[in-house]
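> Residue-level listing of the chains:
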Amino acid sequence: DTGVSQNPRHKITKRGQNVTFRCDPISEHNRLYWYRQTLGQGPEFLTYFQNEAQLEKSRLLSDRFSAERPKGSFSTLEIQRTEQGDSAMYLCASSSRDRGREKLFFGSGTQLSVL
Amino acid sequence: AQTVTQSQPEMSVQEAETVTLSCTYDTSESNYYLFWYKQPPSRQMILVIRQEAYKQQNATENRFSVNFQKAAKSFSLKISDSQLGDTAMYFCAFIGLLTGNQFYFGTGTSLTVIP
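Taken in sequence, the protein lines are chains D and P.
Numbering follows this note's numbering, in which position 43 of the first sequence is assigned residue number 43; successive positions increment by one, without gaps.
Numbering follows this note's numbering, in which position 94 of the second sequence is assigned residue number 1094; successive positions increment by one, without gaps.
Rather than coming from a laboratory, the hints here were simulated on the basis of the structure.
Note that this is a predicted model, so its numbers are computed, not measured.
Please note: incorrect hints may appear among the correct ones.
Derived DSS-like pairs (lysine-lysine); straight-line CA-CA distance at most 27 Å [said to hold, decoys possible]:
{"hint": "1", "chain 1": "P", "residue 1": "Lys1078", "chain 2": "D", "residue 2": "Lys103"}
{"hint": "2", "chain 1": "D", "residue 1": "Lys57", "chain 2": "D", "residue 2": "Lys103"}
{"hint": "3", "chain 1": "P", "residue 1": "Lys1073", "chain 2": "D", "residue 2": "Lys103"}
{"hint": "4", "chain 1": "D", "residue 1": "Lys103", "chain 2": "D", "residue 2": "Lys71"}
{"hint": "5", "chain 1": "D", "residue 1": "Lys57", "chain 2": "D", "residue 2": "Lys14"}
{"hint": "6", "chain 1": "D", "residue 1": "Lys103", "chain 2": "P", "residue 2": "Lys1070"}
Okay, chain D solo, but in the shape it has when bound (with noise of 0.2 Å):
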């Protein structure tokens, strides 16, 4: 399966943990991004790397919240001090600008529950 992946698929943590999720895109993309989703709603921007460069991060994501991609790979999203309010599914998606063919492909997403 070469599609992307995220680990873990569910996430049930207590208010003040911190937690961290993976995502593995697609191999030849070059373009990550983080996006959160609540349930009805669309997905939301979070932060955007090109290879190992984050180069755009959205006003929602505070201060607690820090994403990584050392070497251009794999990517976390780290959540310092959860607190109810970032229960939502937090999808990975990537994607690669070649020769004009845009496509942005999906992980299956990590639920996060914060009690």
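Given chain D, put chain P in place with the hints provided.
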């Protein structure tokens, strides 16, 4: 700023009938891509169809086709011969080629195919 608007929160269609989902967007860019994504109950986002703004010809993918009206900034999705497996949330999305560091999504249309 780019915005994507889907004004139909819910729609239903009889199996084998045709349904059209609406999407409008706002941008100052002239070169961009538009997409329709499907999100079934499994919550995996699946690309349905893509349209390049510089192409006048409407994109088609089997039973799915779009009506792209660039001047009106309208991008509707037509599903022909609706099948039960088409039941899902449908999201319209946009990315500009000039400032394209994120994909913008609408709030979605929940489509139910009735047997």
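> Would you mind marking each hint as holding or not holding in the structure?
Going through the hints against the structure:
no. : hint                   : result
1   : P:Lys1078 <-> D:Lys103 : holds, 20 Å
2   : D:Lys57 <-> D:Lys103   : holds, 20 Å
3   : P:Lys1073 <-> D:Lys103 : holds, 20 Å
4   : D:Lys103 <-> D:Lys71   : holds, 22 Å
5   : D:Lys57 <-> D:Lys14    : holds, 26 Å
6   : D:Lys103 <-> P:Lys1070 : holds, 20 Å
Hint check: no violations occur; every hint is consistent with the structure.
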